[in-house]
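**Student:** Sequence:
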Amino acid sequence: MTTTGARSGRSHTVELGAVPDGDTLLVVASSGGAPRHPAWFHNLTANPRVTVDGRGTAIAVPAVAEERDRLFDVVLAEAPGYADYQRQTSRVLPVVVLHPEDQDVVRVRAAGDELVALHGWFRQELAALRSGAEVEFTDDLRSNCLAFCVGLERHHMGEDYAVFSFLRQRFPELGPVLEQLRAEHVKVARLRGELSVLAAQDSPAPEDFDRLGVALTAHLDREEELLVPLLNALPDVPWPKRARE
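If you read the sequence shown in my numbering, its first letter stands for residue 1, the second for the next number, and so on.
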């Protein structure tokens, strides 16, 4: 399997054992039971598109939670020696699913970059609200605040009903991560409600905007960390139009 270096951007090829599972291949980041994950695992978490000898390109997705445990059992049924590697280390050996890439699909856009651009607009609006509240909360800021809330709501609806559903269908092992993000969207909806209440006040407290801004920005950061590398490796993602349009 050939990966792209997370820092260097260079190609690195490593020989690995693999277990077939339907149309996919399963590889385990065992490193012989060493205490640290192998370098190739760190590479594919930053750049999920890999090349598999004899099979062409694939998208590498580490399984998480219960799905990781289920797939590890699938591996052990074919290669029980991995159980010895697991016993030799305190880390949980990652199981990576290699999904063959459809060579007939033309990549339309880098959906991860689109996500970052949209999040950039949200961050910009949050910064303007926080700085504006420290001086004078004008009618323009109030309108911008309401537009921000509507835009964030539409963005998360697009993710929940389009992007996340697409990813779950294509990569079932991402289920726990996507459910985690959906749960965060519920919390973000409550924060949006608080923000709307603040916007209706004559002189909202700047510290309230700071608190909400920190919480909302933390969610945007987490979503990007989890999804951007994967989305940018995909050829086709049903991405909703930017909220600001």
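Each hint should be verified, as a subset may be incorrect.
Unchecked claim - The list that follows gives simulated cross-link-like pairs (lysine to aspartate or glutamate, DMTMM-like), each with its CA atoms no further than 25 angstroms apart:
hint, residue 1, residue 2
1, 187, 136
2, 187, 208
3, 187, 210
4, 187, 66
5, 187, 225
6, 187, 114
Simulated from the structure, these hints should not be mistaken for laboratory data.
None of the values given here were measured: they were computed from a predicted structure.
**Student:** Which of the listed hints are not met by the structure?
**Tutor:** Hint check: 1 fails alone, others pass.
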